[in-house]
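There are 2 protein chains.
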Amino acid sequence: MTNLFKVSYLGPEGTFSQLAATSYFTGEQKYIPLASIDDVFSSVERSDADFGVVPVENSTEGAVNNTQDCLVDTSLQISGEVIVPITHNMMVSHSSPRIETPKLIVSHRQSLAQCRQWLTSTYPGVPIEEVSSNARAAQLASEQDGVAAIAGELAAQIYKLKIVHRSIQDKSNNSTRFLVLSPSGASPTGKDKTSILVYTGNKPGALFRILEPFENLGISLTKIETRPSKIEAWEYVFFMDFEGHREDLRVLNLFDRLKTCTAEIKILGSYPRFGSEL
Amino acid sequence: MTNLFKVSYLGPEGTFSQLAATSYFTGEQKYIPLASIDDVFSSVERSDADFGVVPVENSTEGAVNNTQDCLVDTSLQISGEVIVPITHNMMVSHSSPRIETPKLIVSHRQSLAQCRQWLTSTYPGVPIEEVSSNARAAQLASEQDGVAAIAGELAAQIYKLKIVHRSIQDKSNNSTRFLVLSPSGASPTGKDKTSILVYTGNKPGALFRILEPFENLGISLTKIETRPSKIEAWEYVFFMDFEGHREDLRVLNLFDRLKTCTAEIKILGSYPRFGSEL
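Protein sequence lines, in the order shown, are assigned to chains A and B. Per the numbering used here, the very first residue in the first sequence carries number 507; after that it's consecutive. Per the numbering used here, the very first residue in the second sequence carries number 507; after that it's consecutive.
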């Protein structure tokens, strides 16, 4: 008998986080849907789960702020990433009348934003309500005729809805990046990525001085993102992703140089780049 | 008889955008509340209003994505900025029973995020619903006993609610920056700020090369923000604010240098720095 991994994800059942979790972990595992991103972090911190899966960024709509804020405080490491193509569909209950126009459209804020142009041109004037997830939207649609949910195909299956419009997102190349969290990081594979947090304080030229060591050491920065520091108003913290593993000599050298020019660094984790196994 | 300016803002009445608009424009003007950030941009583009006022960034919760996305496409210029301290209060209808716990808490997503810790510790387990604005939340609370809204004092006055908890935001130093939009920019005052958009494509080291001219010319970058480019998945556009006016010799020099190292620049506007008139 083998021990299954316990994998928590941003639920309820039918979310894209579930799809990300099941596509990342091969074979049978024990999957645990949780109500919020904070709950996923806590479940792994308390050892109720071995891994947690949360969305961090969408290619059209940008960062998931709540995940970034949790990364600032967590003791967990990022041990993997997975990118899932996002296809949104409009769905209603099977008993809904064959109407042209739904009386209400419900979905998660990010999903609504990803379909904004389609909604404005197809259903101008129809009331739109933000709910906590697109799976929750599907659940609401299943309970009330004439309410249309925007969600993925998995949600339509789980909540037994009929899809009335397929692939309605504004960008055909729409995908979301998810992070896999665990108490310890991943070993080097030779094709890794490292995520760090950098606090600079509010000094002019600070960002330039942070980027200089990357340039001088030839380390490729794949991502930079700004968030309020939460310590001082109008001060920022930088989320940075770059190629390499935290155990690489060149990356250790980078950390040394960064420490001389910034207030603080937090290493969020080193993990295999998505797609590098292909 | 004088002609009043027509100033559109993100409504409904009672929002912090209204407070920002009335604190920026002195004297009597004609104020027009509109339903969305997109509508405020369109109203000025169509000349239905002379100026538009929209939130762009909160000191705790970060950028307002919808405003950033509208800035990418608009022909308008930023002609001013105003920073408003944000104090959130919990309010209920005067006919609500003197209960300890509301049956539902409603507010805008950003306001809920700014009060997240307070809500978790004070009202754990009480259902929370996101609505389109905190003024809309106040309106809902006025219609239904036992529903509590999180909103500003102005909303409590307009919707005749009683405040049951004052100043519940997690950070005492919580403020929001608003932009004033108009068809043409503002003249130099000597204490100005310029906002630009920079598209770099997905080249390694691109950001470093953009920052180099700022460093060499001694131009102080006050802000940098990343957003998905919307053109290609996983490509980014940078929003940058720096000190100086677009007509300054040094800034013209900067633009020349930036053009040699990046794909494209869009000048969003030059305007007096908030507080510089003091």
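Errors might be hidden in some of the hints.
Repeated chains share a single entry, so a pair holds when one copy, or any two copies, can fit it.
Unchecked claim - Cross-link-like lysine to aspartate or glutamate pairs, in silico, EDC-like; alpha carbons within 20 Å at most: (1) K765 - D754; (2) K697 - E753; (3) K729 - E718; (4) K512 - D575; (5) K677 - E741; (6) K512 - E534; (7) K729 - D651; (8) K666 - E770; (9) K512 - D545; (10) K772 - D747; (11) K772 - E649; (12) K512 - D554; (13) K697 - E551; (14) K772 - E741; (15) K666 - E649; (16) K697 - D747; (17) K609 - D747; (18) K772 - D754; (19) K677 - E749.
Hints listed in this document are in silico derivations from the structure and should not be mistaken for laboratory results. It should be emphasised that the depicted structure is a prediction, and the values quoted were computed from it without experimental measurement.
Hints breached by this structure: 4, 7, 8, 11, 13, 17 and 19
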